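Asks: Each chain is listed here by its residues.
2 protein chains.
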Amino acid sequence: MNEPPAQKAKSPFPDAAQRKAAREAKREAVLLAAVRMFNERGFHATSLDDVALSLGVSKPTIYHYLGNKDQVLLECVSIGLAQLQQAAEEARRLPGAGIDRLRTFLERYAQVNMDDFGRCVIRTGEELLSPASAARFRAKKREIDDALRALIEEGVADGTVAAPDARLLAFTLAGALNWPARWFDPAGPMSREDAARAMVDVLLQGFAPRP
Amino acid sequence: MNEPPAQKAKSPFPDAAQRKAAREAKREAVLLAAVRMFNERGFHATSLDDVALSLGVSKPTIYHYLGNKDQVLLECVSIGLAQLQQAAEEARRLPGAGIDRLRTFLERYAQVNMDDFGRCVIRTGEELLSPASAARFRAKKREIDDALRALIEEGVADGTVAAPDARLLAFTLAGALNWPARWFDPAGPMSREDAARAMVDVLLQGFAPRP
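Line by line, the protein sequences are chains X and B. Heads up, the first sequence is in the numbering used here, so the first residue is 37 and it goes up one at a time. Heads up, the second sequence is in the numbering used here, so the first residue is 37 and it goes up one at a time.
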């Protein structure tokens, strides 16, 4: 008779899948500690020693999971950019009017920028990255800008979005919804969802009263 | 008979007023060279040696006019903040409806953020400044936020501005009009004035078509 699976899981020796999951969890914990410190203190004022100390591990442990400080920063902005990219892809697959898809994307975009990795995307100047990493960072940001522009143009095409200049509208919306990376306080009275919805409402309706 | 003033100006020995003007012109040239390099390369990647080199002067000359790199940065952001402050004061003194004063301020605010010293205000994270300078920087930015909030509230009070949440509208407008510090290209096809006007139009009208 075979051992039942529940017994097997009690072995003190983790199997390959468990080792992989544990490694992934450690990597994520390092990234989260690092991104919060970058956002709080700035990249230059953060040392991997401080990140290691905050997790109760050694600096070589961080190198083992992620590499040097530049590599850690690149990984942090890559996670934020992937979240924004995913938001764009999901919005573009939705049925319905252009303005609804655009609104869905904008709310999710704002929410990402209020969260740890999105904040890091906004707060990281290209000059902090190596030339090769800066080029990748710029290319990925460009993809997200292009997705926003395409959503605007689809809304203009179906008559649900007003935009005399789609490029300028894209920059204006992006700026408004990037800025929470600087001012939004997750410990404040407003949830990320409510703040994102209210900002997108303002942008959609405008601040001149509607009849 | 006295010498006519035109003759006096030809003396090879500058008088006190001329020395003061020359000193001020040199100080401004150093600040402009420095702020452009900070904006282009980032604060950490800029050395006062490079700034001096670009002006064909020695580093001690820069110290003489402005002090160390932190002091130069603080002076650059102070000039940008003073321009924003002046825009707010001028707008608040205008006659007319609240929305017109708000619109005037917003356009000027965007224009400052597209110019050298305003760009530096937006691109400078507080963590780059000493704790004392960061506190002054924060206090001045707060004054400008307060002025924007007051202009919004005056417009709400006279019924010309729609803002269910004045604080949130202020952050949304500020974000949209800060962002040109990152994307606006003074060498591009659009003038600062046109770009500012078009952005404020978008924010005023909203991107949902008006009936």
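Among the hints, a few may not be true.
Computed footprint of chain X on chain B, listed as stretches where at least three residues anywhere in the stretch have a Cβ under 8 Å from a Cβ of chain X [what the hints assert, rightly or not]: (1) 116–128; (2) 157–163; (3) 205–217.
Here are the computed distance ranges between Cβ atoms for each label pair [what the hints assert, rightly or not]: (4) B:Gly92 / X:Asp194: 56 to 62 Å; (5) X:Ala52 / B:Ser166: 47 to 53 Å; (6) B:Glu163 / X:Pro222: 17 to 23 Å; (7) X:His100 / B:Ser166: 33 to 39 Å; (8) B:Leu130 / X:Glu229: 33 to 39 Å; (9) B:Ser83 / X:Gly103: 43 to 49 Å; (10) B:Arg172 / X:Ser94: 37 to 43 Å; (11) X:Asp194 / B:Glu163: 42 to 48 Å; (12) X:Ser166 / B:Asn104: 23 to 29 Å; (13) B:Pro48 / X:Ala81: 21 to 27 Å.
Each computed BS3-like pair below joins lysine-lysine, with the alpha-carbon atoms no more than 30 Å apart [to be verified]: (14) B:Lys95 / X:Lys177; (15) X:Lys105 / X:Lys62; (16) X:Lys105 / B:Lys105.
Keep in mind that the hints were calculated from the coordinates and are not lab data. Being a predicted model, the structure only gives us computed values, none of them experimental. Just so you know, even glycine gets a beta-carbon here, dropped at the ideal spot from N, CA and C.
Asks: Now look at each hint and say whether the structure bears it out.
Replies: Structure-based check of each hint:
1. 116–128: violated (count 0)
2. 157–163: Per the Cβ count (3), the hint holds.
3. 205–217: holds (count 11)
4. B:Gly92 / X:Asp194: 56 to 62 Å: Hint holds: Cβ distance 58 Å, inside 56 to 62 Å.
5. X:Ala52 / B:Ser166: 47 to 53 Å: holds (51 Å)
6. B:Glu163 / X:Pro222: 17 to 23 Å: holds (19 Å)
7. X:His100 / B:Ser166: 33 to 39 Å: holds (36 Å)
8. B:Leu130 / X:Glu229: 33 to 39 Å: holds (38 Å)
9. B:Ser83 / X:Gly103: 43 to 49 Å: 28 Å Cβ-Cβ, so the 43 to 49 Å window is violated.
10. B:Arg172 / X:Ser94: 37 to 43 Å: holds (39 Å)
11. X:Asp194 / B:Glu163: 42 to 48 Å: holds (45 Å)
12. X:Ser166 / B:Asn104: 23 to 29 Å: With Cβ atoms ~28 Å apart, the hint holds.
13. B:Pro48 / X:Ala81: 21 to 27 Å: violated (51 Å)
14. B:Lys95 / X:Lys177: violated (38 Å)
15. X:Lys105 / X:Lys62: Distance of about 17 Å is within 30 Å: holds.
16. X:Lys105 / B:Lys105: holds (25 Å)
In the structure shown, a violation is registered for the earlier hints numbered 1, 9, 13 and 14, in ascending order.
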